[in-house]
Amino acid sequence: MLAKAEAETRGLGNLPLVKVPHPVGSISLVALRALAESSVDLIIGALTRNNRTSFHSEEATADSDSALKASEYVPSNPTLTFKALAERGWTDGLPVIPPTPDAVREMIDASGLKGDELLGVIPPLNGRATVEKVAANAVMAGCLPAFFPLVLSALKAMMQPSFNLTGIQTTTSNVTPLAIVNGPCRQALNVNYSSNVLGQGWRANSTVGRAIRLILTNIGGAVPGVYDKSTLGQPAKYTFCIAENEEENPWEPLHVERGLEKADSAVSMCGCTGVHSIVDMASKTPKGILTTMAAAMAAGGSSNWVYGCECLIIMCPEHAASFSAAGYSKADIRQELFEKARLSFGKFSEENLELIAKRRPRWFQAGETQGIPIVDRAEDIWIVVAGGKGPKSAFIPSWIDVRMSTLPIAHGASSPVAVSCQC
Amino acid sequence: MQTDLIEVINPTADRELKIGKIASRNHGLEAKRIGLLDNSKPNADKFLEYVGQLLKQRYPTIEILPRRKMTRTEADCLQELIGSCDLVVSAFAD
Chain A
1 MLAKAEAETR GLGNLPLVKV PHPVGSISLV ALRALAESSV DLIIGALTRN NRTSFHSEEA
61 TADSDSALKA SEYVPSNPTL TFKALAERGW TDGLPVIPPT PDAVREMIDA SGLKGDELLG
121 VIPPLNGRAT VEKVAANAVM AGCLPAFFPL VLSALKAMMQ PSFNLTGIQT TTSNVTPLAI
181 VNGPCRQALN VNYSSNVLGQ GWRANSTVGR AIRLILTNIG GAVPGVYDKS TLGQPAKYTF
241 CIAENEEENP WEPLHVERGL EKADSAVSMC GCTGVHSIVD MASKTPKGIL TTMAAAMAAG
301 GSSNWVYGCE CLIIMCPEHA ASFSAAGYSK ADIRQELFEK ARLSFGKFSE ENLELIAKRR
361 PRWFQAGETQ GIPIVDRAED IWIVVAGGKG PKSAFIPSWI DVRMSTLPIA HGASSPVAVS
421 CQC
Chain B
1001 MQTDLIEVIN PTADRELKIG KIASRNHGLE AKRIGLLDNS KPNADKFLEY VGQLLKQRYP
1061 TIEILPRRKM TRTEADCLQE LIGSCDLVVS AFAD
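Protein sequences appear in the order of chains A and B. Note that the first sequence covers residues 1 to 423 in this note's numbering. Note that the second sequence covers residues 1001 to 1094 in this note's numbering.
Keep in mind the hints are simulated off the structure, nothing from the lab. These numbers come from a predicted model, not from an experiment. Nothing false has been slipped in among the hints.
Estimated spans, in silico, between C-beta atoms of each pair:
# : chain 1 : residue 1 : chain 2 : residue 2 : range
1 : A       : R105      : B       : I1022     : 39 to 45 angstroms
2 : B       : E1074     : A       : T231      : 24 to 30 angstroms
3 : A       : K69       : B       : D1004     : 18 to 24 angstroms
4 : A       : R88       : B       : K1021     : 30 to 36 angstroms
In silico lysine-lysine, BS3-like type, Cα no more than 27 angstroms apart, as pairs:
#  : chain 1 : residue 1 : chain 2 : residue 2
5  : A       : K19       : B       : K1021
6  : A       : K229      : B       : K1018
7  : A       : K4        : B       : K1021
8  : A       : K19       : B       : K1069
9  : B       : K1032     : A       : K19
10 : B       : K1056     : A       : K19
11 : B       : K1032     : A       : K4
12 : B       : K1018     : A       : K4
13 : B       : K1018     : A       : K19
14 : B       : K1069     : A       : K4
Ideal Cβ positions, reconstructed from N, Cα and C, are used throughout, including at glycine.
Work out the full structure, taking the sequences as your base and the hints as a guide.
This is the structure:
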């Protein structure tokens, strides 16, 4: 499916593909040789004959698109409405708000944009993300209209090439986008940044994150098990949106670090492959907390070890205060974590060392004896302050080629209209 | 009854159809330069190496050009392949 999606994204839907039976990576060389022998005729056919082994034709695609109805009629009874929408495959499995024309119109109006304006196309199926389609998904997710500019900016941020959305949408990894909100809109929209920030209970966090998932599935076409090939998935794929606790952040907030003004409202999207709790209620010094954090980061098995991608520390205010009181800057913390969050070669299997040596060869050069670091550069460790009281931080590894993407929230989210929409 | 129904906007979307043209495959392999693009996943390089050996056995005049990408196929990688190869076999996925 990844090959098909990649070919279609490049406009080559009829590119000949040869399906080699899974698994490939874990089998013996003898079995691999047999696989090559059984595939070579198909490969020769794909190289020398036209119209071989394409998944489906352009004509079939056009036919299916022409059948898309702009709207449908479903029973008005709430239970039956949900049943009808779920049967169409439009939900995440949880009840949704029906995207009636009036509700969608109200959402569109909150953006100041026209409903038919095209924001871009979403992989893997190159779904046309018009403002109306995005709004319909935001309604279904339970968003207030005031949240819509935040949803739009989150979507645009994910469309930046550096975010690798095609990969996120189709991979066997459990990676999912995390939205981090900064600026005045946190108060205007009541986005939680304090106690239980990664959890439930706030309408803005819950529904904005959910809207992002519904958009990716319904418009992008990343249907689980079909194009979304995640082996396990993770609960954060339902929804994952937080805000930074700027009030208790002793350093500059994330969006300022990313080049915006403090008075701006902004959303930063990053890749999340799980939340690893970092509990340290005993350490009295930053060195002690750093030791705990580095140990948590140095847990094996994440994509970071193979790809050296970015990662994120969600630092609780109490840990941040300890660092700040001792004069630590974010750069100091990053550097120390970069040096400490390493795994020695002995912690990897021989096969993994061979794989990592291909992708991160610099850590295998002569003179590199400190093991393999969680990232290739200290600046690839992002630090966000969030959460309530308690000495509990978290570590979030990212995924291949996903670079944090930050955009201002373009319109309305901090306006008086939005302020009146507290939930 | 109509009164029991509500209208809902379809949240799924039309597809932006990019229609590219793939190169003609109506040719033999003799004397062709064949790139083998390894995606750095486990065994991809060895699988393609075997494929290259098998192709070479059948078509001794071909030239095999092993290549490797780390993650996505970036533009410079594509340009290099276009410049150096007549045909490319690319490994995908896990």
